[in-house]
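Engineer: One letter stands for each residue in the lines below.
There are 2 protein chains.
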Amino acid sequence: MEYLRDDIAGMAGYVPGFQPENPDQWIKLNTNENPYPPSPAVLAAIREATGSDLRTYPDAACQAGRVAAANLFGYPVEWTIMANGSDELLNNLIRACVAEGEEVAYLHPSYSYYATLAEVQGAKIRTFPLTEEGEILDFPERYEGRLFFLTSPNAPLGLNWSLDEVAALADRCSGLLVVDEAYADFAGQNCLELVRQKPNVVITRTLSKSYSLAGMRLGFAIARPEIVAALDKIRDHYNLDRLAQVALVAALEDQAYFQECVARICATRERFAAGLTDLGYKVLPSGGNYLFASPPDRNGKRVYDALFSRQILVRYFSDPALAHGLRISIGTDEEMTRTLSAMAEVG
Amino acid sequence: MEYLRDDIAGMAGYVPGFQPENPDQWIKLNTNENPYPPSPAVLAAIREATGSDLRTYPDAACQAGRVAAANLFGYPVEWTIMANGSDELLNNLIRACVAEGEEVAYLHPSYSYYATLAEVQGAKIRTFPLTEEGEILDFPERYEGRLFFLTSPNAPLGLNWSLDEVAALADRCSGLLVVDEAYADFAGQNCLELVRQKPNVVITRTLSKSYSLAGMRLGFAIARPEIVAALDKIRDHYNLDRLAQVALVAALEDQAYFQECVARICATRERFAAGLTDLGYKVLPSGGNYLFASPPDRNGKRVYDALFSRQILVRYFSDPALAHGLRISIGTDEEMTRTLSAMAEVG
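If you read the protein sequences in the order shown, they are chains S and P. Take 1 as the starting number for the first sequence in this note's numbering and just add one per residue. Take 1001 as the starting number for the second sequence in this note's numbering and just add one per residue.
Incorrect hints may appear among the rest.
Claimed, not checked - Calculated cross-link-like contacts (lysine-lysine; reagent style DSS-like; alpha-carbon spacing at most 27 Å):
| no. | chain 1 | residue 1 | chain 2 | residue 2 |
| --- | --- | --- | --- | --- |
| 1 | P | K1198 | S | K124 |
| 2 | P | K1198 | P | K1233 |
| 3 | P | K1124 | S | K233 |
| 4 | S | K282 | S | K301 |
| 5 | P | K1233 | P | K1124 |
| 6 | P | K1198 | P | K1124 |
| 7 | S | K124 | S | K233 |
| 8 | S | K124 | P | K1233 |
| 9 | P | K1233 | S | K233 |
| 10 | S | K198 | S | K282 |
| 11 | S | K198 | S | K233 |
If you're looking for bench data, these hints aren't it; they were derived computationally from the structure.
Use the sequences and the hints to build the structure in full.
Structural biologist: So, in structure tokens, the structure goes:
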């Protein structure tokens, strides 16, 4: 197609996780959604804002959301930026830092969308293998690429890195280290304080998982003001609509609901992990709202298919590094009990 | 800042129109918002969708919105794509077609955000002057740049181009001709059929103005399937949240409300234009929900300041091509009557 850039015309595009047509008929554990509804305060705030004001533009700065995040994390407002999902930030961080032909890196396995975003920018892509023991292979003493994405906890494996480990990685990066903490709320630890300590660390977060708001597309970053200023120039000036903005503020302010919800999911995760171990599965320790687990015969596809036929949807990756296992999102206690029974049946 | 690309660190960034702190205390005619609320069907659809489903991801394809647009405009679904405001499409069209160092063009005056988007991409920018008589100056017999944005009707001048004129421009473009029809619903004409006729024409639309949904960030494009496929790879895979998606469908389906609302604004625009002409203003014919008008002394700033002090907010551009006039959004009949009285006072 003569009007398109060759690299865009030639690229494959990202395929999001499968969404069944009648989700109510499934136990849906394939896209790491939260099984609990958003806080009632969020729903009330959206309903309250659904009126004639929708005819007018939202606050371009998303100031109320920034203040809420700043208060929650103890950073100045200038160190925060709000986005239409953390995906928007991952995209704009590449655009801010990586010119055509320059390099972006991430671990394999981790979030494959980094590669799509880098391809769109015309950037080179480099991956470093991650073992199931949490070891990063081939990472140079000094990594000279423009940007390194560290998914922490790792998805899909669930592995965590300690603050010291991430700080050491930051010191070895010449460019930006973006710590993608999409799942950090389930990990009982995070790297937020590194943004203050290291000039090249940025943290991205999403409200899709721990705040039960995948349907609203909300994310944010904590970063140095110079980086926030650059992201501000690149982002759509009205990136968050009015309802998303009120949802964001209400969600961050209802910490009691959030904490209870996260605690329930973590408790269910540990019970489910124990159950899987009893079935003979190898279960990796997880800081996310999912587990990566492999059956004794290391045939992820077999178990995926058997669960699928029972209307239980989990995530199987054909990637050879992952095909021996499954990534299973943590649903309600009841859903996980039924899933465990099905897995016992399947063998 | 060593982590940022030099061109991003050095660029200025776009500044959206001024939003006063207490908009209710102003007659606000500076950002071309619609004075009427969105359709009641839109508000009802949003409220209906505000429930526990927000915990799950939206439809990545935005299929219901595509079907609604396809039905409305008589194009196949594959010729449609939905976006978080038409700004997202303008951005992604540049990314799809223009590599670093290649050229993007638009008319001056028109929407200055094109320049910001091109700068972020590292593209070259070229502008062709547009006179108040609607003449495009210096446009080559064949324009070899990768992408040309034609704002039709033009903002801020309001001028329209006929279908034949736009078709002729398309034939002179080697690259894509993007017709930004943000305001076309107020023009009584549009270029939609050109997408079928010309391989290089794309139409972008927004629901911000004619559908009273600036607060929801909704836009779409009609384009050939190859171009839609490219934009699909570039966009955030979940670019529209659940509430935006239901609002989009409900808005496009309530054509009766939409048409009545647009007709009222057009009628008010014509009355206001006549009133301004009576005051000695030069008023350009407008196909938008705004007028560009210059006072007899051709001092836009003087009138802007005088109206500002009366809590009436209009748009003044310091750009020498526009400083002699003002762009005034069309509000309700009552607002425009009060504005006209104030302008009579101001002289």
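Engineer: The structure should be examined with respect to each hint, and the outcome stated for every one.
Structural biologist: These are the hints, each one checked on the structure:
1. For the hint pairing K1198 of chain P with K124 of chain S, the CA-to-CA distance comes to about 35 Å; that exceeds 27 Å, so the pair is violated.
2. A C-alpha spacing of about 23 Å is found between K1198 of chain P and K1233 of chain P, which places the hinted pair at or below 27 Å, so the restraint holds.
3. About 17 Å separates the Cα atoms of K1124 of chain P and K233 of chain S, which keeps this hinted pair within 27 Å; it holds.
4. Among the hinted pairs, K282 of chain S with K301 of chain S is consistent with the structure: their alpha-carbon atoms are about 16 Å apart, no more than 27 Å.
5. Annotation: proposed proximity of K1233 of chain P to K1124 of chain P holds, straight-line Cα distance about 23 Å (limit 27 Å).
6. As the CA atoms of K1198 of chain P and K1124 of chain P are separated by approximately 25 Å, the hinted pair is consistent with the 27 Å bound.
7. As the CA atoms of K124 of chain S and K233 of chain S are separated by approximately 23 Å, the hinted pair is consistent with the 27 Å bound.
8. At most 27 Å may separate the alpha-carbon atoms for a hinted pair to count; K124 of chain S and K1233 of chain P meet this at roughly 17 Å.
9. For the hint linking K1233 of chain P to K233 of chain S, the alpha-carbon distance of about 23 Å falls within 27 Å, and the restraint holds.
10. Among the hinted pairs, K198 of chain S with K282 of chain S is inconsistent with the structure: their alpha-carbon atoms are about 36 Å apart, more than 27 Å.
11. Pair hint K198 of chain S plus K233 of chain S holds up; C-alpha atoms about 23 Å apart against a cutoff of 27 Å.
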